[in-house]
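Asker: So the protein lines, in turn, are chains A and B. When we follow the numbering used here, the leftmost residue of the first sequence carries the number 136, and every step to the right adds one. When we follow the numbering used here, the leftmost residue of the second sequence carries the number 219, and every step to the right adds one.
It is worth saying that the hints were derived from the structure and are not from the lab. Ideal placement from N, C-alpha and C gives every residue a C-beta, glycine not left out.
Incomplete in silico selection of chain A near chain B, CB under 8 Å:
1) THR174
2) GLN176
3) LEU178
4) LYS181
5) GLU195
6) PHE196
7) GLY351
8) GLN355
9) PRO356
10) PRO357
11) ASP370
12) VAL371
13) LEU372
14) VAL374
Computed list of chain A residues with no C-beta within reach of chain B, every gap over 10 Å:
15) ALA262
16) ALA266
17) ALA308
Here chain A is said to cover these stretches of chain B; the calculated rule only asks that three of the stretch's residues, wherever they fall, bring their Cβ under 8 Å from a Cβ of chain A:
18) 461-468
19) 512-521
20) 600-606
21) 613-620
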Amino acid sequence: MNAWARFRRNRLALVGLALVVLLAFSALLAPWLAPYDPTRQSLIEKRARPGAKYLLGADEFGRDILSRVIYGARVALVVGVLSSAIALVGGLLLGVVAGFAGAWLDAVMMRGLEILLAFPYLLLALAIVAALGTGTLNTTIAVGIWGVPAVARIVRGSVLALRETEYVGAARALGAPPPALLRRHILPNIVPGLIVYGTLFMANAILLEAALSFLGLGVQPPTASWGLMVSTGRDVLLVAPHVATVPGLAIMVAVLAFNLVGDGLRDALDPRLRGSV
Amino acid sequence: MRSRVSRMLIGLLVLGLAVTLVPPVDAQKRGGTLTIVRPTDPVSLDPNLETTAPGAWVYFNMLEGLLTLDEKMQVKPALATSYEVMSPTKVRFKLRPGVKFHDGTPFNAAAVKFTFDRALKGSPPARWASLAGSLEGAEVVDDLTVDIVTREPYGPILRTLAMYCMGMVSPTAVQKMGADFSRAPVGTGPFKFVEWKTNTHVIIERNPDYWGDKALVDRVIFKVVPEEGARMIALQTGDADMVLFPSPAQLPALRKDPKFTVHETTGIRVVFAGLHAGQPPLDDVRVRQALLHAVDRKAILDNIMEGSAGPARGVLAPGVFGYKDMQLERLYPFDRARAKALLGQAGWMPGPDGVMTKGGQRLSLSWLAARGRYPKDGEITEAIQAMFKEVGVEAKVQILEWAAVFQQVRGATLNHHMFTLGWVTSNADADYSLYALFHSKQVPPTGWNTSRYANPKVDALVEQARRSLNQTEREKLYGEVQDIIAKEMVWIPVYTTKEIIAARAAVKGFNIHPVEYNLTLSKTWLEK
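Just chain B, same shape as in the assembly (with noise of 0.2 Å):
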């Protein structure tokens, strides 16, 4: 009997790993235009200039790094072929040999230091220059080997060089074009520059001298359409063969239609309330908590997000290097009467219309959020505020344009208790987010404390593992990091992004990648 179950067990072992094994079916086709509609046009197409996603879709396809972030996060060889550290400050790379720009002009160890130079030493230096921590810039050593320097020991080097706005830029194009470089870069990627029409649309074609495996797809338009419900009717007609930021409440149906494909992967952005820690009444870590037990997080995962994210389960999401479970719904679950007993050992007691009060004082907090910057954020902010109101607390929420929200969280003063914003982890390295967010010399204008969060214990956390080259020592200290602010929340971690692409059927090879920014098409094929 055990015999026949095991015997089964392993043929059906063998049968799941041939169905990986075999090739797919399908052959790939090359030829054809990709079309695809999103809703912003980039800022810029120069990394040093545009580090969001409008840009980032497009530029990434033509402008390559050192290294680049495979769709399982981990970092690959690219322009790099390898590398090896030298010192604690000192990482030396070998270039790939036989590499061209677009225009002709070889990549070597001086088009390196040249693209370095331009973002860290240009003035303003680059806008990605203030996330690429100590990196200072690079040494030529001889045409093909280069070293990549750093100001001080710094651990995250290399997921740092494999970020999506680290991509090589030809120096002879853009010593000739001057400010027209940002509007038609020269890289070496597997796509090259066309046209771009404000407003419109940007083209890249496929560059037929690319050094490794060429663009199946002849060419790839990028059109604006702000209206989401106009992107999805471009998907339906044809008009668009991919959708980037569909509508979540029309996915179930598109999943069930065997026209349509929807990509999809966990990302790594989480979206959370903040609390301003720094001011009463949030400096009450109590009153903090109270704020977490009242929030019915998975009500809002199932109804307003409708599939389209994932549980947040800490200040990082999954798949960042030095992630740690938080351990949200064991140590803060949806408890109404639990609110309001931290609340009342706070000193928090129940007013004449309901709110809380303490000496007088209402428990009233203002809350800043936008619409429309990440997903389903206004109406996350106002579930919140319909939630805290059943356990007394009163959220004055301001809707505002998200420039408005930005300038004042990220403001030297802010006047508000609380903010809805996201964050993405955009080199998968815990340093990124935990340096950034959580020291407390990090408090705006300098750097993303938007909490205004101080614990002498996490800065120097923080900083032993910004230091350190050892990457199990870091993984350590950034899970007593987590463990720290996971007792002293200052966010309402409310959900983890899902990178969703809606597709046609007959795009073929499309590998969605958990960096929203690292949109890979050069795999990518069209049936007919």
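This is chain A alone, in the form it adopts within the complex (with noise of 0.2 Å):
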């Protein structure tokens, strides 16, 4: 059976991937699918309740808030997918380093990463955004770098582990060069997993990015992004629930969707699940 075969007959991860997919959707065709101008303000309609005239209501600028969370799946998988590449390829460059060349090389870089591993994850996203100020792009960097060291002793500890392999080390004595190896046998072996991380990784991006924009370090307004209606929709829980909660349900189903899909890889991927369930 192929992975594709066995990721189908896992219902909650296909509900998350078609979950993913509306995300995707909306985000690409937000220009045609929002009903208004995200950034449209009209003041006088100000927290208007959901309606015929705003499907989910309108938030404290009278802007339409179900435009706004179609605009925000941009900013959000725009951030996720940017950052994961990041936190992928850097993660996956300084890992095959460490655990190909070893020795003291592996020792220096692998204690770095674990100094920022040591940092709360907030702590460290806020630093580097501290250092090259808000805004998207840079909100992307601090997600993407936050990634990297997970990504980095991920990949590793398969490079320690594959190294050690029988055909790697058969490979090895027939001369294969290092390059080699790390084309023909050991990266192929790493990807898999690489991608199952990404996917859980696109995840806790995306709720970093709303956490960021929340404290209003990330993303600035009047660009629609969901941690940053909540962050303002926060002042009106009380009067007008729906401006908070209708942004805080977009990042629910966001970030459950990619864990689903990110379950249903990896048990799809993992050979040791093979035959299984």
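With the hints as a guide, bring the two chains together.
Answerer: What follows is the structure, encoded as structure tokens:
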């Protein structure tokens, strides 16, 4: 049974996948899907309740919440995908070098990464944003850098384990140079795990972006970001609960979706689970 | 017929007078603890180190100045009983006899001199020293007579001495306590210090030896509750008697509820979007005027401030000495067509993406703002940003923490076109604002001319008004200054604060003051 067939049998993962596709869809087609310009204000309609004109209501500036949630998916996905790419590529490079070089270089690199890992995640991201400045791009970089150490450790661990396997030893004995060893034998075995990790990381990246924006350190107004929307909506939580709740739900759904897909992928790609349910 | 109407009118008038003359039926009660929740803890309780509200709310009840400002913004005697102008740079004060500091030290001319020496000649000088104009110090004449001296004639002297941060401190306590004084100040006021637990609470209690009417409540506890929502819940559940900075969105419901009283009055802080007049494209007055026309200030007032602020009628708030209505509604009505026309006159034409361009450059303004420093500051910034878009002006807003905004706006060079700021005329005298904000020599880092505005005529007028001791003349000069500024606007004034405090209905006798810092609690009592 191939991976896709195993994935397909996991109903929850399929639900997650459907939600991810929906998110990607709304992010791509936002200008056509959103009923209004997400930055169009109509102060007189502030905090309008969900209804015929504004399906999910309006925020404190009379902006359409549905349109902002749809455009917010763009920010969430762009930050998610790009920061995952930064984390994966950065982590892969560092992990492979550390795992392959071994000795003192490995020790130095790993201690450095462990120092980064010792920081609470929000503190590290805050420090990076403080150094780079706010905005979508810098938020993406901050989230990406935050992901690098964990990826590097996973990759290094895999490289260390694979280096000792018999088939890699055999290839080396036959005179295969390190680049070929990497390309032919080691990377193909690391990539599935990385895909799984990358998917799960997306969920965390979306959450961290929302957290940074909630704190006012991420995406800047008037760009629609779910975290920013929750942040401004919390002041009116008692009088107009929908302003914060709707983007809050969007964050929840997105994070859940990527977690479900990630879990499904892990089960589908994990060789040890092959043949099981 | 006419006589009946006039008789009726007279009757009404008499009735009206009678209503105002009848003393309140509630009899004042003594005792109890008044609990106040507010968002932030003081930096210090020493006016030398703390001039912002969180500290002032507390120390204003413990330390008294020579003079004070009442709720109608009139200067009233406090520790001084009378004054006499001796020369253009010297005012002689007679001090109240028999007054003692909380530690038993007698209050006298030496204490006044000690307080001013400590503030003005200390190193560093007091935080308020730069706001006190040319105030130089005090000279002892005899035990209960003191001369206040200025370096040059200084018109606003009385109002400056009546500022909330001019409280007299006990010389013995300062000498004995050293740096600890800032955590447990000793003054002459109706309350004295009990305890300060950082970021938890400050407690003060009635001063039984107070020279005037003694405070009615036994104790006042100032608690720190940073979250607006949590403060409102504390009021609802009875954990707090009084909330400073209540949530505007919850006020309508609170006003209707007989269990609560919303105390409000027109404040004297103007919150505005500042324009950097020293750098293109805002050095062109037509562009600045266009921006004023582009903003629907009424919509902001109605829908964002929701009744918790009043319209800004100029760069000063009504109630400030020297204030003149700038007639902004007449000069700069909300009119997008006029805004675009003015931009056109200045050479800006609509570009392909709707943003105005001139010589290949887009009309894009970078804008610094904080969120939460002033009521709804982030929100008004976002609203104006959207209004600018409608007339083809792009605003790139950066919402940063207050300290970062402050540093850049007050820094020697400002690399942004706009900034959201508020300004309180703390001594209620136009000099305090018009000099510091619009004199060309007051450009940061020296002063507060954050718009980098320069007009020699304005410089001459504010200097002349500062030196004059003739209040009628000063008022006229400030009127002229405001007329000039109105034509060359370097601000978009957005609103004038209302001071709003929500309290349980059982809190009686409290009078809210137009100056946020002047939180007077000595006349407040609790019904139960």
